[in-house]
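Using the sequences and the hints, build the whole thing.
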Amino acid sequence: MFQKIIEKINLKYPIDVVSKKSDKLMFLTVHKNTAVNTVQYLKDDLGFKHLVLLTAVDFLEQGKFQLTYLLNNPDIKIDIGVRVLIERESATMESAHSLWPTIATYQRELREMFGIDFPDSPGVNDEFILEGWNNTPPYRRDFDTKAFAANFYHQRNSRENNDPSAHMKKNLYPNE
Amino acid sequence: MSLEDLYRKTTISPDGEEFEINPIEDYFCTDKPEEVKPVQNILEKFYNWARSESIWILGFGTGCGAIEMRPLMTPRFDAYRYGIQWRPTPRQANLLIISGYLSTKTLKRVIRVYEQMQNPKYVMALGSCTINGGMYFDSYNTIKRLDYYLPVDVYVAGCMPRPEALLAGVVKLKTLIKTGMAEGANDYANRFDWYKTNQKAVILNWDMPDYNW
Amino acid sequence: MGEKILYAFISVFLTINYGFLLNGLIRKIYARVGRRHGIPFYQMYIDLLKSLALRTNIRHGVMFYLGPVFRFTGGIGLFLFMPVIFGSELFANFSFSGDLLLLLSFQFFGTLGMALGASESGHPNSAIGVTRGLAQMTAVEVPFVMALMAIAVQYQSISLHEIVAAQQGGITNWTLFTNPLAVVAGMLAVLGSFMRPPFDVVLAPQEIPIGPPTEYHSNYMVYLQSNRAIYPLAKSILIMNLFFGGATSFGEMMLKTFLVIMWSVFVGVSFPRFRVEQSIRWFLGIPLIIGVLAIVYVQFFLN
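Line order of the protein sequences matches chains A, B and C. Here the first sequence is numbered in the numbering used here, starting from 11 and rising by one per residue. Here the second sequence is numbered in the numbering used here, starting from 22 and rising by one per residue. Here the third sequence is numbered in the numbering used here, starting from -14 and rising by one per residue.
You may find that some hints are simply not true.
Said to hold, decoys possible - Okay, the calculated bits of chain B under chain A, using three or more residues with CB under 8 Å as the criterion:
id	stretch
1	120 to 129
2	153 to 162
3	165 to 178
Simulated from the structure, these hints should not be mistaken for lab results. Values in this document were obtained by computation on a predicted structure and should not be read as measured data. Every residue gets a Cβ at the ideal spot worked out from N, C-alpha and C, and that includes glycine.
Next up, the structure:
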């Protein structure tokens, strides 16, 4: 089944890496320029009508973002994830809102949380969850969440430590 | 409503006439809250008894703890026995339960709701998230201690506290009201500037008036 | 005239207290049906005290004040222009001054008053809330007026006092036995004005946090709650006078109104809620047909 699908896609668009996870799930890595076209081909011609999700992974060391379009074919009950690597610096990706209107919401979230821009996606620059955020996008790995929370929000001081070993060390064996 | 809508601006009426509007003054009351000092007499004690026996909770859940409020209405816990009822609007309610973690986005709405409630008003905070951040201690988006932003009368510890703990918190609140110690509304009015400074420190886009009614 | 006003005050006072306790009892019944212990039966009084004890309140203009006052006037007015106890001077109120048509207009008075008050409060959803209430009220009135007209034709009078007088002298003289079709239509229609399930979506505050009473609190709330005590009671007194031969003593009045209200409570605990358009369709169906049949019956068979 997967072999047929891969052959069909390969006739039109190049596939870099194929990673088969199980009989029901497979991931394809494609070029940035042909990614949306591949997704459209899967949707229109191969029956992958359902967009499960669009998500991103931050590969800080390689300087890349990996976007995953997870698609589902409800007829043969198979999932295919289309992966695409984009540059981390001034990250931009082609919008796919002409395929599914709902994808605009995912793109809005990615814009806010990762700072990936999707030009022409409707409402992509509107606030999604964070209101008035003026820092590094919080899902980027170079954003230090713990340090930010410690500096930004009022903290309650932690209680006195009553850990038994520390207590015994302090009271019974102060010299060791 | 966005930030720009609140500022003074000129609009053109359907007749083509130009006039100036200032939404903050037109739609909102700009006065600060005022302290209403309770008169210490027998009538106030009687009123305090009535307030403690008729607690109206605002049906507003902020975090996962909202799910713990629902069983209170069911036969097993039956909070109605204690004179507790749920009201749909902040005008009529006098107990605001902050049920769990508060993101700054929700905090903004909670502040608006709290300020719309009328003077004897009480706040109960559920869960460790409202006490010291709980499991969200390192989150970029949730506050860590509620009493910097709103006057809290009762904390109920736990993650999440069970409905029994909630009922115990309400009973504790009742004794506080009866002894006249639950004066959160007056505390809010007295230390208004301190509360506002703290609130504005974490709410980055403050697109509302300083005091919502 | 002076003592008549005093008597009116006494009867309103007694009836409001009876209404509060009855409402508490009904809530207790609802709780026990749901296997709960339930709220204390005197909780209404504590709620009133609590509302009065609020230290601050919010004003929205003159009509905002008048809304609850109109609502309360609707309940009181309905009550005052009826003979509560037949033959008693203390509870006769002003029943000689009004007739059925006046009572019908008083039923609408409260809702219209709320419409004016709620629109003044500036709540964006108050208009839709009031519209739903008025739409259902109108649908309730249609079969109810059919029943009223059947009775008016039957007794050749629209004075409630004369209708009650005609039913005296034995249980077989009641409208229930002389004109059962009108009673069925009237009893089905009146379910809609007791503010209980299945017809209380228009005001159910927990389900729909919108609508007219959203902005009302403190003293305004006291007015609305007092109206909720007296209005169903006034309505059940009207039913008692029309269908069940009126009352000649306070005990008889309490028993009969209690049974009439229990009718709505039994229906309320047994059936789930209708949406507004469903309840309108229901009122304009079976009750209306029975009401029309009642008029036909009176016109062609009774006289």
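task = Tell me if chain A covers the stretch 165 to 178 of chain B under the three-residue, 8 Å CB rule, please?
result = holds (count 3)
ask   = Does the stretch 120 to 129 of chain B contain three or more residues whose Cβ lies closer than 8 Å to a Cβ of chain A?
value = holds (count 4)
message = Using C-beta distances, would you say chain A covers the stretch 153 to 162 of chain B, given that this needs three or more residues below 8 Å?
response = holds (count 7)
The earlier numbered hints are all upheld by this structure, with none contradicted.
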